[in-house]
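Peer 1: Sequence:
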Amino acid sequence: MKKNRSDSRRNFIKKMAVSAAAVATGGNVMAKENKTVHYKLKNKRPADINDNINIALIGSGGMGVQDAITALSTPGVKMVAACDLYDGRLKEAKDRWGKDLFTTRHYKEVLMRKDVDAVIVATPDHWHQQISVDAMKAGKHVYCEKPMVHSITEGPAVIQAQKETGKIFQVGSQGVSSLGNEKAKELLKEGAIGALNYAEGFWARHSPV
20 MKKNRSDSRR
30 NFIKKMAVSA
40 AAVATGGNVM
50 AKENKTVHYK
60 LKNKRPADIN
70 DNINIALIGS
80 GGMGVQDAIT
90 ALSTPGVKMV
100 AACDLYDGRL
110 KEAKDRWGKD
120 LFTTRHYKEV
130 LMRKDVDAVI
140 VATPDHWHQQ
150 ISVDAMKAGK
160 HVYCEKPMVH
170 SITEGPAVIQ
180 AQKETGKIFQ
190 VGSQGVSSLG
200 NEKAKELLKE
210 GAIGALNYAE
220 GFWARHSPV
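Using the working numbering, you'd call the opening residue of the sequence shown number 20 and step up by one each time.
In silico lysine to aspartate or glutamate, DMTMM-like type, Cα no more than 25 Å apart, as pairs: (1) 133 <-> 153; (2) 133 <-> 111; (3) 165 <-> 201; (4) 165 <-> 111; (5) 127 <-> 111; (6) 186 <-> 128; (7) 208 <-> 219; (8) 186 <-> 173.
By construction, these hints were calculated from the structure, which means they are not laboratory data.
Construct all of the structure, not just a fragment, from the sequences and the given hints.
Peer 2: What follows is the structure in structure tokens.
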């Protein structure tokens, strides 16, 4: 029974990775791959009692909510708790997932709950390391929004916590996981687009400047 539950959790984490890739590709770009992704998400075998996974959302903003919605599209996954510092988001969480949903402003109250199997960490970046480490040490599997840590010096603590606890830890990164990026890399390697002589990048896309 324990092995089945462990396998189920691994499958759940894998589905979250697939969803990150799906979100990253636009509606018309790589349409064929997008259809394949959604087919995989919606056609999983029916879950049995050993597949049930209770998740909690820590950081109930836009990214966290979308991650949770994707997770809940997997049979057997149930939302049991949500955490955020903004009361308005906690109210929205109850409106979305039911009045019985446990909500709190303190993430450690979520980690103390025995009914939580895995958490989605979608807080501001500077909280990723601490919450991820605390979650794994509390016996929870973790899906963490990018970046994994706020500073490179924080990385070893997360890696060590994963090794010590054996809990599944995954970072969701839409850009890096993008099917579009993978296809572009493939085409470049095959010489299908010729020699690369210009590349363009950007950051802080919401900045007014």
